[in-house]
Amino acid sequence: MKRKQVIPAIIAAFFILFPLIVKSDYYQHLVILALMWVVIGGSWNLLAGYTGQVSFGHAVFFGIGAYTAGILTTKVGISAWWGMAFGGFTGALVGLLIGWICFRLRGPYFALATIAAGEIFRLIATNWESLTDGMVGILIIQSFRSKLPYYYLALALAVASIWVFDLVMKSKLGFYFVSIREDQDAAESLGINATLYKNISLLISSFFTGMAGAFYMNYMAFIDPEVVFSLHYISIMAILVGIIGGVATIWGPAVGAFIMIGIQETFRSALFGLAPKWVSQSHVLVFGLLVIFVILFMANGVVGDWPKIKRLFVRNR
Amino acid sequence: MSFFEVKEISKRFGGLMAVGGVSFQVERGEIFGLIGPNGSGKTTIFNLINQYFPLTAGDIFFKDESIKGLKTYKICHLGIGRTFQVVKPLKRMTVLENVVASAFCRVNTFKEAQNLALEMLDFCNLLPDKDKFASSLPIAGRKRLEITRALATKPELLLLDETAAGLNTAELDEAIELIQRIRARGVTIIIVEHIMKVIMTISDRIHAINYGETIAEGTPEEVANDKEVIKAYLGEESYA
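Protein chains in written order, with the numbering used here: chain Z, 79 to 395; chain A, 659 to 898.
FYI, nobody ran anything at the bench for these hints, they're computed from the structure.
The structure presented is a predicted model; accordingly, all values stated were derived computationally and were not measured.
Glycine included, every Cβ here is placed at the ideal spot set by N, Cα and C.
One thing to keep in mind: the hints can contain errors.
Think about it this way: if two alpha-carbon atoms lie no more than 20 Å apart in a straight line, the pair counts; the simulated EDC-like pairs of lysine to aspartate or glutamate are [as the list claims (entries may be wrong)]:
(1) Lys812/A / Asp103/Z
(2) Lys726/A / Glu777/A
(3) Lys355/Z / Glu343/Z
(4) Lys749/A / Asp383/Z
(5) Lys729/A / Asp263/Z
(6) Lys248/Z / Glu770/A
(7) Lys225/Z / Asp383/Z
(8) Lys153/Z / Asp211/Z
(9) Lys788/A / Glu723/A
(10) Lys732/A / Glu343/Z
(11) Lys749/A / Asp261/Z
(12) Lys726/A / Asp261/Z
(13) Lys732/A / Glu207/Z
(14) Lys250/Z / Asp789/A
(15) Lys153/Z / Glu207/Z
(16) Lys855/A / Glu871/A
(17) Lys250/Z / Glu770/A
(18) Lys729/A / Asp261/Z
(19) Lys749/A / Asp263/Z
(20) Lys248/Z / Asp789/A
(21) Lys769/A / Asp244/Z
(22) Lys790/A / Asp261/Z
(23) Lys790/A / Glu207/Z
(24) Lys855/A / Glu829/A
(25) Lys250/Z / Glu777/A
(26) Lys732/A / Asp722/A
(27) Lys101/Z / Asp263/Z
Computed footprint of chain Z on chain A; a stretch qualifies when at least three of its residues, placed anywhere within it, have a C-beta under 8 Å from a C-beta of chain Z [claimed, not checked]:
(28) 756-762
(29) 851-863
Far from chain A by the CB rule (all over 12 Å, computed), these chain Z residues [said to hold, decoys possible]:
(30) Arg184
(31) Val242
(32) Ala265
(33) Ile370
(34) Pro385
Produce the complete structure using the sequences and hints provided.
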């Protein structure tokens, strides 16, 4: 095997064998969350990184996916696993609704509209108590006590999403997305229906984010509007995963997801209990510093600026 | 009816009449020049043709069909390509990727698009630069990329907006030669140009406008000797 095939093979083997070797529920939990963020970060990246339509509202699709799974159990009375089948579609449906309205705006105005959309859906979920049980949230019973099924499901979802994004970016769609990002007027004059293709990008992006939301409901077994529709924990996190890993790269959000979950957990647990308690409150501060650092020194993220990082280490040797 | 016809088109921006009732017809296979002093409305006419701006009045016919009110991308699919005076390369894409993106206008698979793009890059002598980023091209290369991209959408009518501006003498000759080869492929061309050497050499007919209105139309010699045209470019005779 050539070197180019060896590295992916090692990575694949690592992820397949990980939960069989590392038996700790805690570490398995962290990797499951990171894999879920690979899906969300990649979805955000498709829309914002490749198509240039920066979204501050991916919590909408995540929350809709999660609530689809939850409501199927509490109101319809079927398994929340059906949410895995429907969550993507409800997410995409809401994506179309938002796209239909918000794509009349360009650039920063679109971004602002997505913030508003996020808040609107959070308020709907909070106040439509007959459907969502409001702030009480939705509690279901987890199907499995072992983390293994969740782990492999998250892994499959992450792999599927990266595969689809890669396929899309190598096709006509991908070229059209990037053209729209670079210059919408030029794209239109080259025969690209910018509104249509922006909506297609949003559709794919919101579909996968909705799937991730439905997975979250099944896995965590509890959701409330403040968690799944959170600007801070979901929408902003999606942006950070994309930026730190590398905007407009296929592997960037995947790397970014593991970095972000790693940092978040390191600080949330106050350096795994070694540091004083106040450190656990500071992970948001660290995110801020990290973003400043990345923007100043690695504007293309870890993956985008990988050659630069590699050079740094080679020189020091 | 003719291949392409512009009928009494007007465009008003608030109180300013940028184009006021201009009409002309272009025959298939022609190179049709559009000239006029700065700010006379040439680029506005292009923006009206590909529906970047809506018309205030008048109508535009392409192969006997009105294209008034169609979307910009639809105009391209119908077979009208354009280049921009202020070049708009897709900067963070390579030259090849730029042309592949536009080739997808006619084909659906990446392989077909790439083949079409390579063919067009070769035709426009841009093949050696195909792997460079569009942002790294000098101005002559960017202008050429604009043309290549437009050609990759397989237009029947091509609108060239000042593709020779900013080029040196050697590059000008190449540009003239390229435009003539494009016409030889059977593409009809409407060209806006300030450099008289270019427009007088290649145009079959020239339409001159000033302040958004027609002042002359005819062969290059007729237009070059027209009193109104001389006045528009050089001022009143008494100064001479």
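- request: Go through the numbered hints given earlier and state which of them the structure violates, listing their numbers in rising order.
  value: 1, 2, 7, 9, 10, 12, 13, 16, 23, 27, 29 and 32
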